[in-house]
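S.K.: Throw the hints in and build the complete structure from the sequences for me.
The chain contents come next:
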Amino acid sequence: MPKPDSLQGSLDLLVLKILSRRPRLHGYAIMSAIADSSGDVLRAEEGSLYPALHRMEEAGWIRAEWITKDSGRRARLYELTAAGKKQLAAEESRWQAVTSAVNRVLRTV
Amino acid sequence: MSLWSRIANVLRGDRLSREIDEELESHIEAAIEQGRDPAEARRAFGSALHQREESRDIRLLPWLDSLRADTVFGWRQIKKNKVASAAAVLSLALSIGACTSAFRLIDALLLRPLPVAGSERLYVLTVQGIGPSGEFRISDSCEYPLFRRLRAAVKDQAELIAISYASRTDISYAPDQELEKVHGQYVSGWMFGSFGLRPALGRLFTERDDVTPGAHPYAVISYDYWRRRFDRDPKVIGRTFRMDKYIFEIVGVVEERFTGTETGVAVDIFAPTMMYGGVTRADWSWFRTWALLKPDASAEPVRDRLRPPFQAFQEERAKGFGGTMSKRGIDNFLNQSLQLEPAGSGRSDLQKNYRLALLALGILVALVLLIACANVANLMTAQAVARAREMALRVSIGAGRWRLVQLILIESAWLAFLAVAVGGLFAWWSAPFVVNMINPPDNPARLSLPADWRVLGFGSALAFSVTLLFGLAPALRVSSVKPVSALKGGEDPHARRRSMHALIAVQVAFCFVVTFIAGLFVATFDRLSNQHTGFSSERILTLDTLAARRQPTAYWDQVMEHLRSAPGVEAVALSGWPLLSGNGWNGFIVVNGAPPSETLSYFLNVSPGWIDAMKIRLIDGRDFRAGDSFPGVAIVNEAFARQYFGGENPIGKWFEKTEGNGSRPRCQIVGLVADARYRNMREPITPTAYVPFHGIDLSGAWQPRSAGTLIVRTSSSNPAALASLLRQEVTRARPEFLVSNVRTQTELNRSHTIRERLLAMLALFFAVVALLLAGVGLYGVLDYSVLQRRREIGIRMALGAQAADVARRVTVDMFAMVLLGAVAGVALGIGSVRYIEALLYQVKTTDVRVLALPALAILAAALLAALPAVLRAVRIDPVKMLRSE
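Protein chains in written order, with my numbering: chain A, 38 to 146; chain B, 304 to 1188.
FYI, nobody ran anything at the bench for these hints, they're computed from the structure. All figures in this text were calculated on a predicted structure; none of them were measured in a lab. Be aware that one or more of the hints could be misleading.
Said to hold, decoys possible - A few chain A residues that don't get close to chain B, going by computed Cβ distances all over 12 Å:
(1) L50
(2) L51
(3) H63
(4) V78
(5) A89
(6) R110
(7) K123
(8) A127
(9) E128
(10) E129
(11) S130
(12) W132
(13) Q133
(14) A134
(15) T145
Claimed, not checked - A partial selection of chain B residues facing chain A, derived with a Cβ cut-off under 8 Å:
(16) S329
(17) A333
(18) A334
(19) Q354
Unchecked claim - Which chain B residues face chain A? A few, computed with CB under 10 Å, are given here:
(20) H330
(21) E332
(22) A347
(23) D360
(24) Y526
The beta carbon of each residue, even a glycine, is placed where N, CA and C say it ideally should be.
M.R.: Dropping the structure here:
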């Protein structure tokens, strides 16, 4: 089981969103993109990122491909699949629903 | 993609691990390029191994992966203990193969439904009650006039079908061609339609082919016969052949799956019932009546509807019995009751004769399998001890209880799998081997033994249950290992030994049962085959001789005369059929006008010189002479004299034989001979009257005959060598005659002990296997316990224990178990005998030898098995032993 981290279950959503904007990224680039676009507030831990990537790959939301870098080392690039796009839409709307509900609760107090 | 890729990933687990590692490495490299501290970047991942395991489990099926790992590990474990594994696999294979083989036979003979539509609604009509021989019997034969009435009575609830007993007859395709043996069967015209069968060629019979006696000379042949005899020639339609007195025309070939309704006999030729000679006779019973119930009907109402017409028919028949049957005989006849017996798997003599024998053999081989399982269980337990530390280590690093059970069970499954593979080969070979041994060599039983899903299912179920049987106990034991005590090398060793000893007792008990039953079968075969027959079968050849038309008595005498001059012939005689050929002719006897006898006596037509040729002892009076006839004179045996003349000398006395048509031929007794076996080896000798071969009718004219058997005593010790010569000589003497069958008398005698021989042979084989397995098991357990107690023994010897004392200590527990097992075995054996009584002959379980022999055999095996371990124990060098600790 992945350890709970600051992202609290939203890691899948973030990874899918990043990949929908910029296809063909490797693990480190995804991690950096999450940090950059959140202004260094959100950080994906290495220990959670890769199991999550592999899980989403098995679920068929993303697919992976090996490329050889200039250094001769191979890297694994990820991109979104059609199923992944659907999943992203679903996760996004779920996230919206949850945050607006949480906001409502905060307002009523 | 998901499940499939995960299964695929299991198979390339190493590559998967490499890829995961590589991806993580490339991540770390990217991090370093971005200016992160290498050590810090690496630390961020935590344990790389943990990371890899986690990703692996996501990308493959963890349970499948562990299964794969255990399978590989189990195979290595088996390869590591080559000798022990081979012994386990071979003993299991032999017993699994034997069990599968027994199942194939039992399934083919007794369980497999006939390949016809509605076989689950198929019944056979039987008549149960006291028969003419004075014993309870279940008969399934029927008379055609009765059949007509019965069929009309249940028309709307069931279709009744008449199917004659398949018989081996001679047919010829042209007048000048040799006779050919075929299995023929007379069937109701509507049989094929009711059974939902289709023609492979031509047409099948319909109701219209079975209307007028003698008017439908058509035949349908089986697919197998079409292939064997005609090489599937489509021009077979329209071919004609002679069978009995009619010329039949082949009109069709029935589809391949159907070979008749008698399991064990493949019928070649089907003819309509109307073509059978006795179809109009109310006193000829010659076929079975099959009832195919309509889908919504049930058996009881149909049976109840059949009973009144049956009873009425019986009463009409009994009216004609007055004077030919005793009062009690008639009462018994009328008290018989009609029943319907389920017969979806067919019905045959083979079933009747071999049902019990096969079940008994099946149980014997199952016991052998259990013995083998106990062996392997003990072997696994012993191995588990050697691996206690390995298991403890596995537990300490976090292996779950279930994981250990799985590990051991998979090893067991490996053994079972290998054993089933080897055993399958054994079963594939052995089942047809056994079938070939049933019946005489010239007429082997034909059972189809397909290796289909039924056999496969049985094999798999057997492998599965065997795995659980010998693997589960050791597996559970291993899984409950306590790492602390095991790693310290402690643990109570006696617990294991106790369970191993219990298994030894079970093995010995089963082994005793198997050897005991085998002993009974061997004794039965011995008694039957050494049975006094009252005649000499040495150098006797019997030639069953036929003529297309009845031939005058002078011609028969001429053939006999001609053969006497053939080279190598010592004596020639004629008889209706050979002794012990299975044929019989019987009737009730009337002496001095008293009421007819209550039991039947046997009759046989014989020529002058027959008594001499068969070397039957003439006690008093004379042999027949030329000119003697039936009715007229008779020679009787001692049993006859005892039964009807109170043991007095019967020479010169008269008796009458009752006939079905009310006549009573009279005979004067001219000779008294010693008892000889007539029909079989088992039943007590019945009163028998030999009457002249040639008969006269009421006007005193000689009656021609169309069939008889020439009995030839040859001068060479191998009578069969003369068979073809004599065959030709018969036809040369008179071209009207043809020899249909040549058998030696020895062969005929032996045919009565085929089943007993088969049982004795197979049971003896399995008894030896059981003894061997039990011996190996004992050896293994003893050897193991000596190994385990070597420290204790070393100390005892250091303290001055004598060799005898050590030997006693090592073996006393085991011999107690052997004794316990033997006692249980005796009880089991004696208890089981009453179920197989019908297979035994003149053997008593109370006979000391019958009990002592298996007990001695087991004791000898136990002693032999104990010897190596005892030697090992007393040779332990205390100094060396104690130093090594």
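S.K.: Each of the hints needs a verdict: does it hold here or not?
M.R.: Evaluation of the provided hints:
1. L50: holds (18 Å)
2. L51: Holds, since 17 Å exceeds 12 Å.
3. H63: It is violated; H63 (chain A) is separated from chain B by about 7 Å at its closest Cβ, not greater than 12 Å.
4. V78: The assertion about V78 (chain A) holds, with a minimum of 18 Å to chain B.
5. A89: violated (9 Å)
6. R110: Label violated. Min Cβ-Cβ 5 Å, cutoff 12 Å.
7. K123: Fine: 16 Å to the nearest Cβ keeps K123 (chain A) off the interface.
8. A127: holds (18 Å)
9. E128: Since the minimum Cβ distance to chain B is about 19 Å, E128 (chain A) lies beyond 12 Å and the statement holds.
10. E129: Check passes; 23 Å lies beyond 12 Å.
11. S130: About 24 Å separates S130 (chain A) from the closest Cβ of chain B, which puts it past 12 Å; holds.
12. W132: holds (23 Å)
13. Q133: holds (28 Å)
14. A134: Label holds. Min Cβ-Cβ 27 Å, cutoff 12 Å.
15. T145: holds (41 Å)
16. S329: This interface hint holds because 5 Å falls under the 8 Å limit.
17. A333: At about 4 Å, which falls below the 8 Å cut-off, the nearest Cβ of chain A leaves the hint on A333 (chain B) intact, so it holds.
18. A334: holds (6 Å)
19. Q354: holds (7 Å)
20. H330: holds (5 Å)
21. E332: Since the shortest Cβ distance to chain A is 6 Å, the answer is holds.
22. A347: holds (5 Å)
23. D360: holds (9 Å)
24. Y526: Hint violated; Y526 (chain B) Cβ to chain A Cβ min 54 Å, cut 10 Å.
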